[in-house]
Amino acid sequence: MGSSPSKKIEETLEASHTFQAAVDASYEECMILSQHIFPGLQAYQLLDAAERIYEKLTADEEEKEEDAVLLYKERWLPQPPTQMDVDRAIVKEKLFAGDKRVIALDDFRIFATTLFRDMGLTTASHRLAVYVPVSSISVLCAHLVVKKLPLVGPAYRAGGPLMPGTFQKAIASREVDFGSGKMSNEIVNVREYEALAKQKLPKMFYDYYATGADDQWTLRENIEAFARIRIRPRIMVDVSNVDMSTEVLGFKLSMPIMVAPTGHQKLAHNEVKCNLVESTIIMRCLGPSLGIFQVLSSSANSTLEDVAKTGPGIRFFQLYIFKNREGVAEVVKRAERAGFKAIVLTGDSPCLGHRENDIKNRFTLPAHLTISNFEKISDSSILQSKSDKSSLAAFADSQIDSSITWKEVAWLRGITSLPILIKGVLTGEDAALAVHSGVDGIIVSNHGARQLDYVPATISVLEEIVQAVGGRVPVFLDGGVRRGTDVFKALALGAAGVFVGRPVVYGLAVDGEAGVRKVLKMLHDEFEVALKLSGCCQVQDIKRSHVWTENDPLRRSKL
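At position 46 of the sequence shown (counting the first as 1) the number is 46 in UniProt numbering, and the numbers step up by one without a gap.
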(Lines of atoms letter the chains of each structure in order from A and count residues from 1; the text may use other names and numbers.)
(Lines give C-alpha, C1' and ligand atoms only; values in the text may rest on other atoms or scores of the structure.)
Protein backbone atom coordinates (compact mmCIF):
# COMPACT_ATOMS: atom_id res chain seq x y z
CA MET A 1 0.00 0.00 0.00
CA GLY A 2 1.33 3.47 -0.91
CA SER A 3 2.01 6.35 1.44
CA SER A 4 -0.86 8.49 2.67
CA PRO A 5 -1.42 11.92 1.08
CA SER A 6 -0.23 13.54 4.32
CA LYS A 7 2.96 11.51 4.26
CA LYS A 8 3.59 12.27 0.59
CA ILE A 9 3.41 16.01 1.14
CA GLU A 10 5.50 15.75 4.30
CA GLU A 11 8.22 13.87 2.43
CA THR A 12 8.12 16.45 -0.37
CA LEU A 13 8.61 19.33 2.06
CA GLU A 14 11.40 17.56 3.92
CA ALA A 15 13.22 16.91 0.63
CA SER A 16 12.78 20.45 -0.64
CA HIS A 17 15.89 22.62 -0.41
CA THR A 18 13.75 25.75 -0.86
CA PHE A 19 11.46 24.87 2.03
CA GLN A 20 14.22 23.81 4.41
CA ALA A 21 16.25 26.93 3.64
CA ALA A 22 13.20 29.12 4.37
CA VAL A 23 12.61 27.28 7.66
CA ASP A 24 16.20 27.57 8.85
CA ALA A 25 16.51 31.24 7.83
CA SER A 26 13.25 32.16 9.58
CA TYR A 27 14.35 30.41 12.77
CA GLU A 28 17.64 32.29 12.80
CA GLU A 29 15.93 35.64 12.13
CA CYS A 30 13.62 35.15 15.11
CA MET A 31 16.54 34.10 17.30
CA ILE A 32 18.38 37.29 16.33
CA LEU A 33 15.31 39.39 17.13
CA SER A 34 15.22 37.87 20.61
CA GLN A 35 19.00 38.43 20.86
CA HIS A 36 19.59 34.70 21.49
CA ILE A 37 18.53 35.21 25.11
CA PHE A 38 16.86 31.77 25.11
CA PRO A 39 18.20 28.54 23.56
CA GLY A 40 15.28 28.39 21.15
CA LEU A 41 11.98 29.98 20.15
CA GLN A 42 9.11 30.57 22.56
CA ALA A 43 5.49 29.85 21.66
CA TYR A 44 4.58 33.48 21.06
CA GLN A 45 7.33 33.75 18.40
CA LEU A 46 6.06 30.90 16.24
CA LEU A 47 3.42 32.88 14.32
CA ASP A 48 6.03 35.45 13.33
CA ALA A 49 8.40 32.65 12.32
CA ALA A 50 5.68 30.92 10.27
CA GLU A 51 4.82 34.16 8.49
CA ARG A 52 8.51 34.60 7.62
CA ILE A 53 8.59 31.13 6.06
CA TYR A 54 5.49 31.96 4.05
CA GLU A 55 7.01 35.22 2.81
CA LYS A 56 10.15 33.41 1.69
CA LEU A 57 8.17 30.70 -0.10
CA THR A 58 5.98 33.20 -1.94
CA ALA A 59 8.73 35.67 -2.84
CA ASP A 60 9.14 36.43 -6.54
CA GLU A 61 12.58 34.95 -7.01
CA GLU A 62 14.13 32.73 -9.66
CA GLU A 63 13.99 29.22 -8.27
CA LYS A 64 14.82 25.71 -9.37
CA GLU A 65 12.04 24.22 -11.42
CA GLU A 66 12.72 20.72 -10.16
CA ASP A 67 11.94 21.76 -6.61
CA ALA A 68 8.58 20.07 -5.95
CA VAL A 69 7.63 22.58 -3.26
CA LEU A 70 7.20 25.30 -5.88
CA LEU A 71 3.94 23.88 -7.19
CA TYR A 72 2.85 23.37 -3.59
CA LYS A 73 3.41 27.01 -2.68
CA GLU A 74 1.85 28.41 -5.85
CA ARG A 75 -1.39 26.46 -5.66
CA TRP A 76 -1.95 25.62 -2.03
CA LEU A 77 -0.72 28.66 -0.07
CA PRO A 78 -3.22 31.40 -0.94
CA GLN A 79 -2.99 33.03 2.52
CA PRO A 80 -0.35 33.28 5.28
CA PRO A 81 -0.62 30.98 8.30
CA THR A 82 -2.93 32.14 11.08
CA GLN A 83 -2.55 31.84 14.82
CA MET A 84 -5.06 29.00 14.72
CA ASP A 85 -2.93 27.11 12.16
CA VAL A 86 0.13 27.59 14.37
CA ASP A 87 -1.68 26.48 17.53
CA ARG A 88 -2.89 23.30 15.83
CA ALA A 89 0.63 22.40 14.78
CA ILE A 90 1.94 23.07 18.31
CA VAL A 91 -0.70 20.81 19.85
CA LYS A 92 -0.30 18.08 17.21
CA GLU A 93 3.45 17.81 17.76
CA LYS A 94 3.25 18.37 21.55
CA LEU A 95 6.04 20.91 21.25
CA PHE A 96 5.70 22.42 24.71
CA ALA A 97 4.82 19.34 26.70
CA GLY A 98 5.74 19.28 30.37
CA ASP A 99 8.06 22.08 31.47
CA LYS A 100 9.37 22.75 27.97
CA ARG A 101 9.33 26.49 27.23
CA VAL A 102 11.39 26.80 24.03
CA ILE A 103 11.98 24.71 20.92
CA ALA A 104 15.34 24.29 19.20
CA LEU A 105 15.92 24.14 15.44
CA ASP A 106 15.16 20.43 15.01
CA ASP A 107 11.77 20.76 16.70
CA PHE A 108 11.11 23.95 14.75
CA ARG A 109 11.67 22.03 11.50
CA ILE A 110 9.11 19.44 12.62
CA PHE A 111 6.68 22.23 13.55
CA ALA A 112 7.11 23.97 10.17
CA THR A 113 6.65 20.77 8.19
CA THR A 114 3.49 19.87 10.09
CA LEU A 115 2.12 23.41 9.75
CA PHE A 116 2.60 23.76 6.00
CA ARG A 117 1.62 20.16 5.29
CA ASP A 118 -1.71 20.64 7.04
CA MET A 119 -2.28 24.05 5.44
CA GLY A 120 -1.77 22.50 2.00
CA LEU A 121 -4.08 19.59 2.67
CA THR A 122 -6.76 21.84 4.12
CA THR A 123 -6.71 24.23 1.19
CA ALA A 124 -6.72 21.42 -1.35
CA SER A 125 -9.64 19.72 0.36
CA HIS A 126 -11.67 22.92 0.44
CA ARG A 127 -11.11 23.58 -3.24
CA LEU A 128 -11.93 20.09 -4.38
CA ALA A 129 -14.83 19.32 -2.04
CA VAL A 130 -17.42 20.92 -4.29
CA TYR A 131 -16.30 18.86 -7.28
CA VAL A 132 -14.95 15.53 -6.11
CA PRO A 133 -16.59 12.63 -4.24
CA VAL A 134 -15.41 12.68 -0.64
CA SER A 135 -13.65 9.33 -0.95
CA SER A 136 -11.45 10.76 -3.72
CA ILE A 137 -10.43 14.04 -2.10
CA SER A 138 -7.53 12.95 0.08
CA VAL A 139 -6.05 10.78 -2.66
CA LEU A 140 -6.32 13.51 -5.25
CA CYS A 141 -4.87 16.21 -2.98
CA ALA A 142 -1.56 14.41 -2.72
CA HIS A 143 -1.67 13.57 -6.43
CA LEU A 144 -2.02 17.24 -7.36
CA VAL A 145 0.46 18.60 -4.88
CA VAL A 146 3.26 16.07 -5.07
CA LYS A 147 3.10 14.70 -8.61
CA LYS A 148 3.11 18.17 -10.22
CA LEU A 149 0.44 17.23 -12.77
CA PRO A 150 -1.71 19.93 -14.38
CA LEU A 151 -5.15 20.34 -12.87
CA VAL A 152 -6.82 19.70 -16.21
CA GLY A 153 -5.31 18.11 -19.25
CA PRO A 154 -4.07 14.95 -20.91
CA ALA A 155 -2.56 13.53 -17.73
CA TYR A 156 -5.97 13.45 -16.09
CA ARG A 157 -7.96 12.50 -19.14
CA ALA A 158 -5.61 9.58 -19.71
CA GLY A 159 -6.43 8.28 -16.29
CA GLY A 160 -3.97 7.11 -13.66
CA PRO A 161 -3.47 4.69 -10.82
CA LEU A 162 -4.95 7.00 -8.19
CA MET A 163 -8.28 7.53 -9.96
CA PRO A 164 -11.20 5.13 -9.73
CA GLY A 165 -12.68 4.28 -13.12
CA THR A 166 -15.85 6.32 -12.68
CA PHE A 167 -13.82 9.34 -11.74
CA GLN A 168 -11.59 8.91 -14.81
CA LYS A 169 -14.68 8.99 -17.01
CA ALA A 170 -15.94 12.16 -15.36
CA ILE A 171 -12.63 13.85 -16.03
CA ALA A 172 -12.45 12.60 -19.61
CA SER A 173 -15.95 13.83 -20.40
CA ARG A 174 -15.25 17.20 -18.74
CA GLU A 175 -18.09 16.65 -16.28
CA VAL A 176 -15.57 17.73 -13.66
CA ASP A 177 -13.45 20.80 -14.39
CA PHE A 178 -10.78 21.87 -11.94
CA GLY A 179 -10.00 25.11 -13.72
CA SER A 180 -6.60 26.68 -13.14
CA GLY A 181 -6.24 25.50 -9.57
CA LYS A 182 -5.87 29.07 -8.35
CA MET A 183 -8.36 30.84 -6.12
CA SER A 184 -9.93 34.16 -7.03
CA ASN A 185 -8.10 37.21 -5.74
CA GLU A 186 -11.35 38.71 -4.48
CA ILE A 187 -11.18 39.80 -0.84
CA VAL A 188 -14.01 38.11 1.00
CA ASN A 189 -13.39 38.95 4.68
CA VAL A 190 -11.71 41.68 6.70
CA ARG A 191 -8.82 39.47 7.83
CA GLU A 192 -7.65 39.20 4.24
CA TYR A 193 -7.20 42.96 4.19
CA GLU A 194 -4.68 42.64 7.02
CA ALA A 195 -2.55 40.21 5.02
CA LEU A 196 -2.57 42.60 2.05
CA ALA A 197 -1.84 45.61 4.24
CA LYS A 198 1.19 43.80 5.64
CA GLN A 199 2.52 43.34 2.12
CA LYS A 200 1.84 46.95 1.14
CA LEU A 201 2.91 48.98 4.17
CA PRO A 202 6.49 49.57 5.35
CA LYS A 203 7.27 47.24 8.26
CA MET A 204 7.54 50.10 10.77
CA PHE A 205 4.08 51.39 9.88
CA TYR A 206 2.43 47.96 9.71
CA ASP A 207 3.87 46.97 13.07
CA TYR A 208 2.62 50.21 14.60
CA TYR A 209 -0.93 49.30 13.60
CA ALA A 210 -0.87 45.53 14.00
CA THR A 211 1.17 44.62 17.05
CA GLY A 212 0.57 44.80 20.78
CA ALA A 213 2.41 44.99 24.07
CA ASP A 214 5.03 42.56 25.42
CA ASP A 215 4.24 38.93 24.44
CA GLN A 216 1.07 40.03 22.64
CA TRP A 217 -1.02 37.46 24.49
CA THR A 218 -3.92 39.86 24.88
CA LEU A 219 -3.69 40.77 21.20
CA ARG A 220 -4.36 37.15 20.27
CA GLU A 221 -6.87 36.67 23.08
CA ASN A 222 -9.00 39.59 21.88
CA ILE A 223 -9.80 37.55 18.78
CA GLU A 224 -9.67 34.03 20.18
CA ALA A 225 -12.07 34.81 23.04
CA PHE A 226 -14.79 35.57 20.48
CA ALA A 227 -14.19 32.13 18.93
CA ARG A 228 -14.93 30.43 22.27
CA ILE A 229 -18.43 31.91 22.42
CA ARG A 230 -21.14 29.88 20.73
CA ILE A 231 -24.30 31.19 19.11
CA ARG A 232 -27.64 29.52 20.00
CA PRO A 233 -29.83 30.22 16.96
CA ARG A 234 -33.61 30.06 16.97
CA ILE A 235 -35.27 28.66 13.86
CA MET A 236 -38.63 28.92 12.12
CA VAL A 237 -38.75 32.69 12.60
CA ASP A 238 -39.94 35.10 9.91
CA VAL A 239 -36.82 37.11 9.04
CA SER A 240 -37.97 38.39 5.66
CA ASN A 241 -37.65 41.98 6.93
CA VAL A 242 -34.58 42.77 8.99
CA ASP A 243 -33.81 46.15 10.56
CA MET A 244 -30.21 46.54 11.76
CA SER A 245 -30.52 50.16 12.84
CA THR A 246 -29.99 51.27 16.41
CA GLU A 247 -29.72 54.43 18.49
CA VAL A 248 -26.56 55.53 20.29
CA LEU A 249 -26.68 58.51 22.67
CA GLY A 250 -29.66 59.83 20.76
CA PHE A 251 -28.09 59.35 17.30
CA LYS A 252 -29.77 57.02 14.82
CA LEU A 253 -27.30 54.58 13.24
CA SER A 254 -27.78 52.13 10.38
CA MET A 255 -26.00 49.39 12.33
CA PRO A 256 -24.34 49.02 15.76
CA ILE A 257 -20.83 49.13 14.26
CA MET A 258 -18.69 52.26 14.67
CA VAL A 259 -15.12 53.21 13.80
CA ALA A 260 -12.69 53.31 16.73
CA PRO A 261 -10.03 56.00 17.18
CA THR A 262 -6.83 55.00 15.39
CA GLY A 263 -3.88 57.36 15.35
CA HIS A 264 -1.71 58.44 12.45
CA GLN A 265 -3.98 57.23 9.67
CA LYS A 266 -1.84 59.09 7.15
CA LEU A 267 0.76 56.37 7.61
CA ALA A 268 -1.73 54.04 5.94
CA HIS A 269 -2.71 56.30 3.07
CA ASN A 270 -0.30 58.54 1.20
CA GLU A 271 -1.58 62.12 1.42
CA VAL A 272 0.84 63.39 -1.23
CA LYS A 273 -0.52 61.03 -3.87
CA CYS A 274 -4.21 61.28 -3.08
CA ASN A 275 -4.40 64.89 -1.86
CA LEU A 276 -6.64 63.94 1.04
CA VAL A 277 -6.51 64.87 4.71
CA GLU A 278 -6.71 62.20 7.37
CA SER A 279 -10.20 60.80 7.85
CA THR A 280 -11.59 62.53 4.76
CA ILE A 281 -11.99 59.16 3.10
CA ILE A 282 -13.38 57.51 6.20
CA MET A 283 -15.80 60.34 6.94
CA ARG A 284 -16.99 60.29 3.34
CA CYS A 285 -17.71 56.61 3.80
CA LEU A 286 -19.42 57.25 7.13
CA GLY A 287 -21.74 59.97 5.92
CA PRO A 288 -25.54 59.95 5.91
CA SER A 289 -25.70 57.13 3.35
CA LEU A 290 -24.22 54.65 5.81
CA GLY A 291 -25.42 56.24 9.02
CA ILE A 292 -22.46 55.27 11.21
CA PHE A 293 -19.77 57.32 12.86
CA GLN A 294 -16.10 57.59 13.72
CA VAL A 295 -14.15 58.58 16.81
CA LEU A 296 -11.24 60.84 15.79
CA SER A 297 -8.00 60.11 17.65
CA SER A 298 -5.98 62.63 19.64
CA SER A 299 -3.09 61.31 17.53
CA ALA A 300 -4.76 62.43 14.32
CA ASN A 301 -2.46 64.04 11.77
CA SER A 302 -5.22 66.43 10.64
CA THR A 303 -6.96 69.20 12.53
CA LEU A 304 -10.45 68.98 13.93
CA GLU A 305 -11.47 71.78 11.60
CA ASP A 306 -10.13 70.03 8.48
CA VAL A 307 -11.97 66.83 9.34
CA ALA A 308 -15.18 68.79 9.98
CA LYS A 309 -14.93 70.25 6.47
CA THR A 310 -15.24 66.80 4.90
CA GLY A 311 -19.02 67.00 5.15
CA PRO A 312 -21.86 65.93 7.41
CA GLY A 313 -21.35 63.03 9.76
CA ILE A 314 -21.41 61.98 13.39
CA ARG A 315 -17.97 62.47 14.95
CA PHE A 316 -16.70 61.94 18.48
CA PHE A 317 -13.28 63.10 19.66
CA GLN A 318 -11.00 60.79 21.65
CA LEU A 319 -9.03 62.75 24.25
CA TYR A 320 -5.72 62.23 26.00
CA ILE A 321 -5.17 64.73 28.79
CA PHE A 322 -1.84 66.48 28.30
CA LYS A 323 0.12 68.20 31.04
CA ASN A 324 -0.83 71.57 29.57
CA ARG A 325 -4.41 71.70 30.90
CA GLU A 326 -5.24 75.08 29.39
CA GLY A 327 -4.22 73.78 25.99
CA VAL A 328 -6.34 70.65 26.44
CA ALA A 329 -9.36 72.78 27.38
CA GLU A 330 -8.92 74.80 24.19
CA VAL A 331 -8.76 71.62 22.08
CA VAL A 332 -12.01 70.38 23.66
CA LYS A 333 -13.69 73.70 22.87
CA ARG A 334 -12.39 73.51 19.30
CA ALA A 335 -13.96 70.06 18.95
CA GLU A 336 -17.28 71.42 20.18
CA ARG A 337 -17.14 74.37 17.77
CA ALA A 338 -16.25 72.04 14.88
CA GLY A 339 -19.42 70.01 15.42
CA PHE A 340 -18.08 66.96 17.21
CA LYS A 341 -20.84 65.31 19.23
CA ALA A 342 -19.03 63.78 22.24
CA ILE A 343 -15.70 63.52 24.03
CA VAL A 344 -14.19 60.06 24.58
CA LEU A 345 -11.79 60.30 27.53
CA THR A 346 -9.00 57.71 27.44
CA GLY A 347 -8.44 56.40 30.95
CA ASP A 348 -5.98 53.56 30.42
CA SER A 349 -2.87 55.45 29.28
CA PRO A 350 -0.96 57.24 32.04
CA CYS A 351 2.05 55.99 30.09
CA LEU A 352 2.55 54.05 26.88
CA GLY A 353 2.60 50.26 26.89
CA HIS A 354 5.80 48.32 26.24
CA ARG A 355 5.45 47.76 22.49
CA GLU A 356 8.48 45.73 21.50
CA ASN A 357 8.00 45.99 17.74
CA ASP A 358 7.94 49.79 17.91
CA ILE A 359 11.10 49.69 20.02
CA LYS A 360 12.91 47.36 17.63
CA ASN A 361 11.79 49.44 14.65
CA ARG A 362 12.82 52.65 16.45
CA PHE A 363 9.45 54.04 15.42
CA THR A 364 9.49 57.68 14.36
CA LEU A 365 6.84 59.76 12.68
CA PRO A 366 7.73 61.01 9.17
CA ALA A 367 8.85 64.63 9.15
CA HIS A 368 5.76 65.90 7.32
CA LEU A 369 3.35 64.51 9.95
CA THR A 370 2.47 65.87 13.39
CA ILE A 371 -0.17 65.45 16.07
CA SER A 372 -2.00 68.37 14.56
CA ASN A 373 -4.53 69.17 17.27
CA PHE A 374 -1.93 69.36 20.04
CA GLU A 375 0.90 70.91 18.07
CA LYS A 376 0.66 74.24 19.89
CA ILE A 377 0.62 72.76 23.38
CA SER A 378 3.16 69.91 23.04
CA ASP A 379 6.59 69.27 21.62
CA SER A 380 5.70 67.07 18.66
CA SER A 381 9.29 67.20 17.40
CA ILE A 382 9.92 64.32 19.81
CA LEU A 383 7.96 62.11 17.43
CA GLN A 384 10.58 62.65 14.71
CA SER A 385 13.56 62.22 17.04
CA LYS A 386 15.64 59.11 17.53
CA SER A 387 15.25 57.36 20.86
CA ASP A 388 16.46 54.20 22.59
CA LYS A 389 12.77 53.28 22.59
CA SER A 390 10.00 54.32 20.22
CA SER A 391 9.44 58.04 19.77
CA LEU A 392 5.80 57.44 20.73
CA ALA A 393 6.83 56.28 24.20
CA ALA A 394 9.21 59.20 24.57
CA PHE A 395 6.45 61.62 23.56
CA ALA A 396 3.92 60.11 25.98
CA ASP A 397 6.40 60.19 28.86
CA SER A 398 7.09 63.89 28.35
CA GLN A 399 3.66 65.20 27.36
CA ILE A 400 0.81 63.03 28.75
CA ASP A 401 -0.47 63.74 32.27
CA SER A 402 -0.04 60.57 34.35
CA SER A 403 -1.79 62.05 37.40
CA ILE A 404 -5.36 61.91 36.05
CA THR A 405 -8.12 60.51 38.28
CA TRP A 406 -11.91 60.24 38.16
CA LYS A 407 -12.01 63.94 39.09
CA GLU A 408 -11.12 64.70 35.45
CA VAL A 409 -14.70 63.84 34.44
CA ALA A 410 -15.97 66.74 36.55
CA TRP A 411 -13.21 68.95 35.13
CA LEU A 412 -14.36 68.14 31.59
CA ARG A 413 -17.96 68.84 32.58
CA GLY A 414 -16.84 72.30 33.52
CA ILE A 415 -15.45 73.10 30.07
CA THR A 416 -17.89 71.37 27.68
CA SER A 417 -21.55 70.55 27.34
CA LEU A 418 -20.80 67.51 25.15
CA PRO A 419 -21.53 63.98 26.40
CA ILE A 420 -18.47 62.29 27.93
CA LEU A 421 -17.59 58.64 27.47
CA ILE A 422 -14.77 56.85 29.28
CA LYS A 423 -12.61 54.42 27.30
CA GLY A 424 -10.44 51.70 28.83
CA VAL A 425 -12.71 50.12 31.46
CA LEU A 426 -11.99 46.41 32.09
CA THR A 427 -13.48 45.74 35.56
CA GLY A 428 -16.86 46.02 37.20
CA GLU A 429 -15.32 48.15 39.95
CA ASP A 430 -14.14 50.79 37.49
CA ALA A 431 -17.46 50.64 35.65
CA ALA A 432 -19.26 51.52 38.89
CA LEU A 433 -16.81 54.38 39.54
CA ALA A 434 -17.32 55.63 35.99
CA VAL A 435 -21.07 55.84 36.45
CA HIS A 436 -20.61 57.52 39.81
CA SER A 437 -18.29 60.11 38.22
CA GLY A 438 -21.04 61.07 35.81
CA VAL A 439 -19.97 59.69 32.43
CA ASP A 440 -22.56 59.24 29.70
CA GLY A 441 -21.17 56.00 28.35
CA ILE A 442 -18.46 53.36 28.79
CA ILE A 443 -16.22 51.76 26.19
CA VAL A 444 -14.87 48.40 27.30
CA SER A 445 -11.36 48.48 25.84
CA ASN A 446 -7.83 47.24 26.41
CA HIS A 447 -6.48 49.74 23.89
CA GLY A 448 -6.19 47.13 21.18
CA ALA A 449 -3.88 45.11 23.48
CA ARG A 450 -1.28 47.86 23.09
CA GLN A 451 -1.02 48.90 26.74
CA LEU A 452 -0.85 46.18 29.42
CA ASP A 453 -0.39 42.60 28.23
CA TYR A 454 -2.17 39.69 29.95
CA VAL A 455 -5.29 41.71 30.68
CA PRO A 456 -8.44 39.86 29.59
CA ALA A 457 -10.03 40.14 26.19
CA THR A 458 -12.71 42.81 26.14
CA ILE A 459 -15.46 40.35 25.19
CA SER A 460 -14.51 38.24 28.25
CA VAL A 461 -15.23 41.07 30.71
CA LEU A 462 -18.10 42.74 28.87
CA GLU A 463 -20.86 41.01 30.80
CA GLU A 464 -19.27 41.82 34.16
CA ILE A 465 -19.23 45.50 33.25
CA VAL A 466 -22.76 45.50 31.85
CA GLN A 467 -24.02 44.01 35.11
CA ALA A 468 -22.10 46.55 37.20
CA VAL A 469 -23.58 49.41 35.19
CA GLY A 470 -27.11 48.05 35.47
CA GLY A 471 -28.46 49.94 32.47
CA ARG A 472 -27.60 53.39 33.81
CA VAL A 473 -25.39 54.25 30.81
CA PRO A 474 -24.76 52.45 27.50
CA VAL A 475 -21.77 50.11 27.33
CA PHE A 476 -19.76 49.69 24.13
CA LEU A 477 -16.90 47.38 23.20
CA ASP A 478 -13.80 47.50 21.05
CA GLY A 479 -11.06 44.94 20.43
CA GLY A 480 -11.04 41.77 18.35
CA VAL A 481 -14.13 42.38 16.21
CA ARG A 482 -13.45 40.78 12.82
CA ARG A 483 -16.79 39.23 11.87
CA GLY A 484 -20.46 40.07 11.88
CA THR A 485 -20.92 37.17 14.28
CA ASP A 486 -18.55 38.96 16.68
CA VAL A 487 -20.89 41.95 16.63
CA PHE A 488 -23.83 39.65 17.34
CA LYS A 489 -22.05 38.02 20.29
CA ALA A 490 -21.13 41.38 21.82
CA LEU A 491 -24.69 42.64 21.59
CA ALA A 492 -26.01 39.41 23.12
CA LEU A 493 -23.71 39.99 26.10
CA GLY A 494 -25.06 43.49 26.62
CA ALA A 495 -23.09 45.87 24.39
CA ALA A 496 -24.98 48.76 22.85
CA GLY A 497 -22.59 48.69 19.91
CA VAL A 498 -19.01 47.85 18.90
CA PHE A 499 -16.06 49.81 17.57
CA VAL A 500 -13.65 48.50 14.94
CA GLY A 501 -10.24 50.05 14.36
CA ARG A 502 -7.56 47.97 12.70
CA PRO A 503 -9.79 46.47 9.95
CA VAL A 504 -10.76 49.94 8.75
CA VAL A 505 -7.12 51.05 8.67
CA TYR A 506 -6.16 47.93 6.73
CA GLY A 507 -8.89 48.64 4.19
CA LEU A 508 -7.64 52.22 3.92
CA ALA A 509 -4.06 51.03 3.39
CA VAL A 510 -4.95 48.51 0.70
CA ASP A 511 -7.53 50.33 -1.37
CA GLY A 512 -8.27 53.80 0.01
CA GLU A 513 -11.94 54.76 0.03
CA ALA A 514 -13.01 51.57 -1.73
CA GLY A 515 -11.20 49.50 0.90
CA VAL A 516 -12.87 51.31 3.79
CA ARG A 517 -16.28 50.94 2.18
CA LYS A 518 -15.74 47.25 1.55
CA VAL A 519 -14.62 46.53 5.12
CA LEU A 520 -17.71 48.25 6.51
CA LYS A 521 -19.96 46.58 3.94
CA MET A 522 -18.54 43.15 4.79
CA LEU A 523 -19.24 43.63 8.49
CA HIS A 524 -22.69 45.00 7.68
CA ASP A 525 -23.57 42.01 5.48
CA GLU A 526 -22.14 39.44 7.88
CA PHE A 527 -24.07 40.96 10.77
CA GLU A 528 -27.26 40.84 8.72
CA VAL A 529 -26.71 37.14 7.99
CA ALA A 530 -26.02 36.48 11.69
CA LEU A 531 -29.27 38.20 12.64
CA LYS A 532 -31.32 36.20 10.15
CA LEU A 533 -29.78 32.83 10.88
CA SER A 534 -30.20 33.40 14.63
CA GLY A 535 -33.88 34.19 14.24
CA CYS A 536 -33.70 37.94 14.89
CA CYS A 537 -35.46 40.65 12.91
CA GLN A 538 -33.91 43.64 14.68
CA VAL A 539 -31.09 44.49 17.04
CA GLN A 540 -33.48 44.55 19.99
CA ASP A 541 -34.31 40.88 19.38
CA ILE A 542 -30.79 39.77 20.32
CA LYS A 543 -30.96 38.28 23.82
CA ARG A 544 -28.48 36.82 26.29
CA SER A 545 -29.96 33.38 25.55
CA HIS A 546 -28.65 33.62 21.98
CA VAL A 547 -25.09 32.87 23.11
CA TRP A 548 -23.28 30.36 25.28
CA THR A 549 -20.00 31.23 27.02
CA GLU A 550 -17.52 29.13 28.97
CA ASN A 551 -19.03 30.41 32.20
CA ASP A 552 -22.53 29.19 31.33
CA PRO A 553 -23.95 25.86 32.51
CA LEU A 554 -25.39 23.50 29.94
CA ARG A 555 -28.90 24.63 29.12
CA ARG A 556 -31.93 22.38 29.37
CA SER A 557 -35.07 23.51 27.63
CA LYS A 558 -38.38 23.29 29.43
CA LEU A 559 -41.49 22.63 27.37
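FYI, nobody ran anything at the bench for these hints, they're computed from the structure. A few of these clues could be false.
Said to hold, decoys possible - Dumping the calculated DSS-like pairs for lysine-lysine here, alpha-carbon to alpha-carbon at most 25 Å:
#  : residue 1 : residue 2
1  : K200      : K323
2  : K323      : K407
3  : K252      : K7
4  : K309      : K333
5  : K203      : K407
6  : K94       : K7
7  : K323      : K333
8  : K200      : K543
9  : K543      : K252
10 : K200      : K7
11 : K56       : K198
12 : K360      : K407
13 : K407      : K341
14 : K56       : K252
15 : K198      : K333
16 : K309      : K360
request  = Provide an ascending list of the numbers of those earlier hints which the structure does not satisfy.
outcome  = Violated hints: 1, 3, 5, 8, 10, 12, 14, 15, 16; rest satisfied.
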